[in-house]
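Q: Those protein sequence lines, which keep their order, are chains A, B, C and D.
If you want the numbering used here, it's the position in the first sequence, counting the first as 1, plus 1012.
If you want the numbering used here, it's the position in the second sequence, counting the first as 1, plus 1012.
If you want the numbering used here, it's the position in the third sequence, counting the first as 1, plus 1012.
If you want the numbering used here, it's the position in the fourth sequence, counting the first as 1, plus 1012.
Just so you know, nobody snuck in bad clues.
Since the list can't tell identical chains apart, any single copy or any two copies may satisfy a pair.
Cut-off 27 Å, straight-line C-alpha distance, at most; resulting in silico cross-link-like pairs (BS3-like, lysine-lysine):
id: 1; residue 1: 1068; residue 2: 1082
id: 2; residue 1: 1122; residue 2: 1068
id: 3; residue 1: 1062; residue 2: 1122
id: 4; residue 1: 1062; residue 2: 1082
id: 5; residue 1: 1082; residue 2: 1122
Hints in this document: simulated from the structure, not taken from any laboratory.
Protein chains: 4
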Amino acid sequence: VSAAPFVIRRTVRWGDTDPAGIIYTPRFLDFAVEAAEAWFVAVTGYDWYKLRTELKLGSPMAHASLDFRKPVRPGEELAMTVLVLDLGRTSITLGVEGRNAAGDLCFEAKLVPVIIEVATIRPYLIPEEFRRRIEDYRQACGG
Amino acid sequence: VSAAPFVIRRTVRWGDTDPAGIIYTPRFLDFAVEAAEAWFVAVTGYDWYKLRTELKLGSPMAHASLDFRKPVRPGEELAMTVLVLDLGRTSITLGVEGRNAAGDLCFEAKLVPVIIEVATIRPYLIPEEFRRRIEDYRQACGG
Amino acid sequence: VSAAPFVIRRTVRWGDTDPAGIIYTPRFLDFAVEAAEAWFVAVTGYDWYKLRTELKLGSPMAHASLDFRKPVRPGEELAMTVLVLDLGRTSITLGVEGRNAAGDLCFEAKLVPVIIEVATIRPYLIPEEFRRRIEDYRQACGG
Amino acid sequence: VSAAPFVIRRTVRWGDTDPAGIIYTPRFLDFAVEAAEAWFVAVTGYDWYKLRTELKLGSPMAHASLDFRKPVRPGEELAMTVLVLDLGRTSITLGVEGRNAAGDLCFEAKLVPVIIEVATIRPYLIPEEFRRRIEDYRQACGG
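Only chain A is shown next, with the shape it has when bound in the complex:
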């Protein structure tokens, strides 16, 4: 990865928001998971589709949790930072922080993707090359 930590930005759209004029709760999980996918591409060189079709591995989530700190309105830009909180044998614990243009924390997410083998749908050891790159990323972020 050229830069650490990895940050991805998106403009909040009209369709991301609800009649209260703020982001509809489940959209935050879409944003967090898309940030995790983009991070995975940046660090490993594989998106989840290529991971599946070329390496016959998958990356489903075992757990997700979200804390909502501040409402976000259409037109605001959200910057999402992806951090590695823990690296297990078959799973990764990611933290995603979403901040508005003023730098205020709007939401925090924890995601736990597990690497599985497509053929058996069973947890699978994170490939060594991926592990090394994820560790490097973690170091680059300051551990």
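Following the hints, complete the assembly by docking chains B, C and D onto the known chain A.
A: Below, chains B, C and D alone, put in the same frame as chain A:
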């Protein structure tokens, strides 16, 4: 509410699923939040829109967490049960359990909606009538 | 199919709507495509997933068009009726009409799914059994 | 607008695609409508939320149609170009073309937003300043 616990069912659609042929992670939060909304209507008589337009109250989420137990494929029917885990002064802690047709637990969610006043966007005491009905529901579910 | 025309109902949720308090435009296409999928299951006995995994056929859309007649608010129930407008060699032209509880037409959609062979991604003759059932459905709807 | 025609790009995500490994049909309408919203911001300086809260105007769709030319896979980048096909008294006819990295046309959409007054929910004359800017954009695109 005529029945306790409250259960809502949905058929998993092609569009709910991803290239792995299973429900895409963020859709589970859509399902859980929609179940919570339907439960709120069943228990209080107000959906979130009527709550906002008539009582000038809102019900944003402060927290959501999800554990994914079993993948779910298109065509499967998911039954979601909504339970009251805790009832605070301004917030409700809901548990949502999603089970497939065989009764297997596929996902569990915890949602913490907070009642707020629309004018100030500040936490607001749960209206007494709502509190009474939610307590009754909790009792009917076995405490 | 037990009943013709085929009608599927859904309650419009908070999350289906936007800051104007009405259904967000793209959600209508979700509703129409989900109605078409449910109709396909009812008429052929196959959902698109089973179609793909068992018959190695797909049903992507070649065209979709929508006219929006009346805004729809959260809490309203939409009834969607699926009609066969035309039946080609490899494609089906479906009409989807969405009405509110008062019977007012809220939106109309035209969808043109094409049957393709998964292996080649090329148009494929609609299986004879499917064609017969679709023709029967069309007759049952009054031609 | 600094550049004409207006082009917006997005990477197709895992969650945009279905078990066939291609973009799920309704997502194309999300993409087209989001492109139209971004174009509207670029040309008028107002997103639909600011339009509603500040000018008390709305921009619901009266019509949408889509033709699907080429399947799109996760990881591909789609470039969407927004063109003004017609400018009426209260409505705009937009064309959205989506192309992959090779420049192949993957989908075409036509969208017809109508300007309405929020208070009455009735069609409203496009504000003169907007009309001028939209005409300028159209000219800049070559008419």
